[in-house]
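Whenever a hint applies, use it, and build me the whole structure from the sequences.
Here the protein sequences line up with chains A and B, keeping their order. If you're matching positions, the first sequence starts at 1 in this note's numbering and goes up one per residue. If you're matching positions, the second sequence starts at 1 in this note's numbering and goes up one per residue.
There could be a bad hint or two in this list.
So the derived label-pair ranges between C-beta atoms look like this [to be verified]: (1) B/W208 - A/L170: 44 to 50 Å; (2) B/W54 - A/T237: 33 to 39 Å; (3) B/P45 - A/I118: 24 to 30 Å; (4) A/E172 - B/P213: 41 to 47 Å; (5) B/P213 - A/P111: 37 to 43 Å; (6) B/I19 - A/T237: 39 to 45 Å; (7) A/S165 - B/S9: 25 to 31 Å.
With a straight-line Cα cutoff of 25 Å, these simulated PhoX-like cross-link-like pairs (lysine-lysine) come out [unchecked claim]: (8) A/K224 - A/K72; (9) B/K47 - B/K263; (10) B/K145 - A/K50; (11) B/K47 - A/K135; (12) A/K224 - B/K263; (13) A/K135 - B/K263; (14) A/K187 - A/K101; (15) A/K254 - A/K50; (16) A/K50 - A/K101; (17) B/K7 - A/K101; (18) B/K293 - A/K101; (19) A/K135 - A/K224; (20) A/K168 - B/K7; (21) A/K224 - A/K67; (22) A/K67 - A/K254; (23) B/K205 - B/K103; (24) B/K172 - B/K107; (25) A/K50 - B/K172; (26) B/K205 - B/K107; (27) B/K70 - B/K263.
If you are wondering where the hints come from, they were derived from the structure by calculation, not from laboratory data. Keep in mind that this is a model prediction, so the values were computed, not measured. A virtual CB, placed ideally from N, CA and C, is assigned to each residue, including glycine.
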Amino acid sequence: MNTLTPGRIVFNLFNYFFLSVLAVLCVLPLVNVLMISFSDNAAVAAGHVKLWPIGFNTDSYRFVFHKPEFLKAFGIGLQKLLLGVAISIVLTIMVAYPLSKEPEVFRWRTPLVWFFVITMLVSGGLIPSYIIVMKTGLINSIWALVLPGAVPVYLVVLLLNFFRSLPKELEESAFIEGASHWQSMWKIYVPLSLPAIATITLFSAVSNWNDWFSGLIYMNMPEKYPLATYLQTILITLDPSQMKDTAFDVGQFKNVSLRTYKAAQIFLGALPILLAYPFLQRFFVHGIVLGSVKE
Amino acid sequence: MSRNNRKFSAQLPFLLLLIPGIILTVIYSYGPMFGTVMAFQQYTPAKGFTGSPWIGMDNFTYLFQLPDFKNALRNTLFIAIMKIIFGLVAPLSVGLLLNEMRKMLIKRTIQTLIYLPHFLSWVIISGVLIDILSPSQGIVNDLLKAFGVQPVFFLGNNHWFPWVIILSDTWKEFGFGTIIYLAAMTGVNPSLYEAAAIDGAGRWKQTWHVTLPGIRPIVILLVTLSLGRVLDAGFDQIFNLYSPITYESGDVIDTLVYRLGLKQAQFSVAAAAGLFRSVVSLILISVSYYIAKRFANYRIF
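Here you go:
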């Protein structure tokens with residue numbers, strides 16, 4: 001079926017060329033900003049920096065780390081990430097296990113599945129959510145960043161579908177030996193579901209790390225912002241029309257401008273994901289296919 | 001299964017496992033749903049949900065007369081519908097082209113690069129876009145200048161702004177969407193291609209008569225499900241890119257709710273706008289799920 005007609009060769013050449021250009025276009029903007037972050041202020045202002053640093057230096061990064069705010073926000077971001085992922089994954093497993101049972105085994109399965117799925121379809125909206133978080137006393141607390149999204153229903157659905165695909169005989173033989181549901185869940189289902197659990201852990205980690213909005217609305221004090229929210233205020237809140245390279249009083253960091261400083265923070269904010277990405281990519285691919293294409 | 005299953009004691013372990021999840025869901029998901037009653041009240045934080053006076057539909061009448069609301073509704077529909085169209089065509093075309101590639105290493109590399117932007121937040125991407133689209137210094141305008149085009153202030157221009165939103169969303173998400181189509185294409189029975197080739201079909205005809213019909217169910221499914229998102233133009237993205245200059249073309253219901261509610265403290269009006277969006281979305285999602293179940297045999301669980 002792979003006869004190489006002239007037309008086929010032309011198409012192949014075009015195809016490889018076109019898709020390669022497309023792939024490069026997906027990372028080019030990031031590369032440009034990365035290079036700005038490593039370049040000399042004057043070269044950046046003159047518009048010479050494209051895809052290679054000019055006047056290579058790391059002053060912008062040293063300036064970022066010189067400011068306590070960035071490290072503080074990074075710490076809170078990390079805290080939110082660890083706490084958020086741990087709670088979400090444990091809860092996802094504990095919710096998915098009973099809901100993966102047949103209605104003959106767990107009588108209230110169907111109504112309870114709907115109880116959770118409805119929250120994916122309907123939401124109270126921003127203002128009532130804000131008021132509930134306020135009434136439960138979480139404003140300015142790290143828990144405001146974790147608890148409202150602690151049961152990720154989408155991940156529950158992914159995992160319960162995976163649990164249902166596992167052979168029931170394993171569990172039955174464990175019950176004969178006297179195991180409880182708690183043991184069956186942790187000792188049989190969880191170990192057998194490691195690929196699926198890895199996938200949902202990664203989904204949860206990315207969304208926790210990237211979540212900036214809950215920090216913006218639930219934290220009144222900027223010093224309590226997680227990194228994503230801190231970056232939002234630094235990178236975005238300035239009106240784009242005001243983004244001029246005004247003189248930047250930075251003392252010992254002579255190569256830094258507002259623009260290189262922002263560029264460095266964009267890169268640092270994306271760094272954890274960029275580092276993890278090549279290793280985790282296949283899990284994501286697996287997870288998406290798991291969630292979308294099913295019989 | 002044993003006959004004791006119907007006894008409460010057999011159900012108890014399941015319920016115990018569910019309790020923490022149910023409690024959190026009741027408070028933080030169902031709580032706000034019941035909180036939407038404030039859309040029918042003149043809500044003041046001091047009096048709360050129970051003490052605030054009821055004013056019927058007044059918040060809605062006020063809202064529907066607001067020029068900002070009509071504007072936001074129009075922008076929401078335009079941006080969301082364009083995103084749905086582009087978000088279908090781009091990944092499908094790229095998926096078809098990638099499927100023709102035989103060199104696995106190149107194919108994998110391209111896939112890895114095109115999925116990448118999906119995993120970065122809109123805060124990071126917006127930071128990048130603000131820099132590269134800057135009229136005086138951005139690399140995009142540098143390129144335009146090289147072709148003799150006047151610099152364009154993409155993020156401060158109501159003509160360009162919605163297209164920046166639509167195209168940057170397509171750019172960020174098409175790689176991710178491609179995964180699903182590629183997975184569906186690998187599921188097409190290879191013997192169909194052989195049969196088509198024996199009948200004299202070239203690659204183009206094979207694509208047209210084998211690949212596309214083979215993935216039709218998943219395409220129909222994704223189109224159907226995307227209908228439920230017609231009122232979702234993407235809060236994160238727009239919030240991080242718009243400014244008072246571009247409210248006219250970029251303000252959507254979600255951003256309006258944010259400004260009315262959290263900036264101007266018009267809690268009840270903002271809640272009414274949010275409720276309007278939720279109700280219309282729920283109807284659309286229910287219809288789309290129904291169609292998906294009926295015609296593509298799709299189930300959530």
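Verification of the supplied hints:
The given range of 44 to 50 Å is respected by B/W208 and A/L170, whose C-beta atoms sit roughly 46 Å from each other. Look at B/W54 against A/T237: about 38 Å separates their beta carbons, and that is inside 33 to 39 Å. The beta-carbon spacing between B/P45 and A/I118, approximately 28 Å, falls within the hinted interval of 24 to 30 Å. Checked against the hint of 41 to 47 Å, the pair A/E172 and B/P213 passes, with Cβ atoms roughly 42 Å apart.
Roughly 39 Å separates the CB atoms of B/P213 and A/P111, a value that falls within the hinted 37 to 43 Å. Evaluation of the 39 to 45 Å hint for B/I19 and A/T237 yields a pass: the beta carbon distance comes to about 41 Å. Remark: the range hint 25 to 31 Å for A/S165 to B/S9 is upheld by a beta-carbon distance near 28 Å. Distance hint between A/K224 and A/K72 is fulfilled; the C-alpha atoms sit about 8 Å from each other, no more than 25 Å.
With a C-alpha separation of about 20 Å, the suggested pairing of B/K47 with B/K263 holds against the 25 Å cut-off. The hinted pair formed by B/K145 and A/K50 meets the criterion: a straight-line CA distance of about 14 Å does not exceed 25 Å. Taken as a hint, the B/K47 and A/K135 pair is honoured in the structure, with Cα atoms around 12 Å apart against an allowance of 25 Å. About 20 Å separates the Cα atoms of A/K224 and B/K263, which keeps this hinted pair within 25 Å; it holds.
Simply put, A/K135 and B/K263 have alpha-carbon atoms about 19 Å apart, close enough for the 25 Å limit, and the pair holds. Only pairs whose Cα atoms come within 25 Å are accepted, and A/K187 paired with A/K101 is accepted, the gap being roughly 17 Å. Pair hint A/K254 plus A/K50 holds up; C-alpha atoms about 21 Å apart against a cutoff of 25 Å. A distance of roughly 57 Å separates the Cα atoms of A/K50 and A/K101; the hinted pair therefore is violated under the 25 Å criterion.
Restraint check for B/K7 and A/K101: the C-alpha separation of about 16 Å stays at or below 25 Å, so the hint holds. With a CA separation close to 22 Å, the supplied pair B/K293 and A/K101 stays within the 25 Å bound. This hinted pair checks out: A/K135 and A/K224 have alpha carbons roughly 19 Å apart, not beyond 25 Å. The hinted pair formed by A/K168 and B/K7 meets the criterion: a straight-line CA distance of about 21 Å does not exceed 25 Å.
At most 25 Å may separate the alpha-carbon atoms for a hinted pair to count; A/K224 and A/K67 meet this at roughly 15 Å. In summary, the hint linking A/K67 to A/K254 is supported, as the alpha carbons are separated by about 15 Å, within the 25 Å threshold. Taking the CA atoms of B/K205 and B/K103, the gap is near 22 Å; set against the 25 Å cutoff, the hint holds. A C-alpha spacing of about 19 Å is found between B/K172 and B/K107, which places the hinted pair at or below 25 Å, so the restraint holds.
Taking the CA atoms of A/K50 and B/K172, the gap is near 21 Å; set against the 25 Å cutoff, the hint holds. Distance check on the hinted pair: B/K205 and B/K107 sit about 23 Å apart at the alpha-carbon level, within 25 Å; holds. For a cut-off of 25 Å, the pair hint linking B/K70 to B/K263 stands: about 20 Å separates their Cα positions.
Violated hint: 16 only; the structure is consistent with all others.
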